[in-house]
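**Student:** Sequence:
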Amino acid sequence: MKERLYLALDQGGHASRAIIFNSSGAVLVQCFAPVTTRKPAPDRVEQDPDQIVESLRIAIEDAGGRVPAAAEIVAAGLATQRSSIVCWDRASGAALSPVLSWQDRRNAAFVARLKLHAADIHARTGLVLSPHYGASKLRWCLDNLPAVSEAARTGRLAFGPLSSFLLYRLLEERPLLVDPANASRTQLYDPALRDWSPQLLQLFGVDAANLPMPVGTRHPFGSFRFHGRSVPLEICTGDQSAVPFAFGPARLACAYVNVGTGAFIQAPLEEPTIAAPLLTSVIWSDERRVVYVLEGTINGAGSALEWFVETEGLDAERVLATLTLDASRDLKPLLFLNGVSGLGSPFWVADFVPRFIGEGTVQERFVALLESILFLVRVNLDEMQSAGAKLERIVVTGGLAASDWLCQRLADLLSLPVHRHAELEATARGLGFLVAGQPVDWRSSANVRLFAPAADAQLLERFFAWLKEMKSAVATR
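Counting the sequence shown from 1 gives a position; our numbering is that position plus 4.
For the record, the hints were derived by calculation from the structure and aren't laboratory data. Treat the hints with care, as some may be off.
[Unchecked claim] DSS-like, lysine-lysine: derived pairs with alpha carbons at most 25 Å apart: (1) K475 / K119; (2) K472 / K336; (3) K336 / K119.
[Stated by the list, open to error] FRET-style restraints, in silico, Cβ to Cβ: (4) F360 / D386: 21 to 27 Å; (5) F468 / H231: 39 to 45 Å; (6) P202 / T158: 22 to 28 Å; (7) A331 / E7: 36 to 42 Å; (8) T158 / P72: 34 to 40 Å.
C-beta: ideal position from N, C-alpha, C; glycine also.
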């Protein structure tokens, strides 16, 4: 009998990846194809939908050529960027809009006019009112793209999360479906109903007939051809929603901090809890149960480093890779109010202007920027603990987690142990675990680095100074 293997398709902001796991969680094959991002205006972030489809096909094809002869792919799953949306023609499958990225906030003015509905939106969806989510972007496409409005008039329009577009284009059945994690990031989905909210559809002026049908995280979405045979795609979810499953079941008393382009902090819940100013997110839903997390969102993580490179000309990745605790302690204290790509939780200011408080060298400004990421993680975790989360440890993943400096300073600031697995790309690993049926013997990395917290009065003093400046800046804008 051939060995059973599982294919995880991870579509991210910089690349599409195809990773093949065996039933115990070992990675056998990894392939990727890059994708590009356009920023035509300060508040606009776009991608080419056809390029993303092609990148996935390339990654799938490359992975298929490397499957061992004595094995076969028996199931696949897809994880995509949440909050990114696209419009397409349901007859031809042709894209009618760019992919409007999760970072895109072009319709902030429309969102501002809905401020009186913010509390109701939060209660229904678990999300704060924000232009980063899909509803206002779908509204913008209807109002500003003639091809979209014409398709709506003639009954040919389909639109929604990027995940739904990719399912439609990749699978032979051309399904029009959406999983709960991606559906919830449209700000039109009510997790309690497991369906689109009639009230929010009316508020944003969106017709449910144009949206994909909500189903569970595990569902017979369809199939695709994979080196001469048909492979079922059984799991669809959001990129961050897969992270808590990277090393087995999502665990209470643990906060998962994934630090990539943005940073996302997730704490699993025993019961769904609406706790402003945090998000309540669905990371799994099927016929038997719904798994929720309290979530915090930091927009300026890796994107803040990119911003720093553009403004300062410093090789940020090289400096981060060589940064040591002793070297950073010798630098002059400096603060950075991190509003890169918009200020996320718990402050929620879409057009916040990033700025430094104080004077310093380029290196000192860089350390201040890094500390601002840690400070934002801290304020989100403080909010989670105030909402009832009883946290005992942090699991950190994502590209920036490769920095020993960042992990140690995070442990010091939080006074909690920080665990870093050798495999930092958690989305694909979590997706593989779900596709494989959540096996009890799923192997997490044996190489786990523990960063034990150490007291640092100066770091804590800088955090409280930063928090005071941030609250003042938000209150007076």
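**Student:** Please go over all the hints and tell whether each is borne out by the structure.
**Tutor:** Hints and how they fare:
Between K475 and K119 the alpha-carbon distance is near 20 Å, which keeps this suggested pair within the 25 Å criterion. Between K472 and K336 the CA atoms are separated by roughly 19 Å; this keeps the pair inside 25 Å, and the hint holds. Pair hint K336 plus K119 does not hold up; C-alpha atoms about 41 Å apart against a cutoff of 25 Å. The beta-carbon spacing between F360 and D386, approximately 23 Å, falls within the hinted interval of 21 to 27 Å.
Our hint of 39 to 45 Å for F468 and H231 is violated, since their Cβ atoms are close to 58 Å apart. The hint said 22 to 28 Å for the Cβ distance between P202 and T158, and at roughly 24 Å that hint holds. A C-beta distance of roughly 48 Å is found between A331 and E7, which places it outside the suggested range of 36 to 42 Å. For the pair T158 and P72, the supplied restraint of 34 to 40 Å is violated, since their beta-carbon distance comes to about 49 Å.
Comparing the model with each numbered hint stated earlier shows that hints 3, 5, 7, 8 do not hold.
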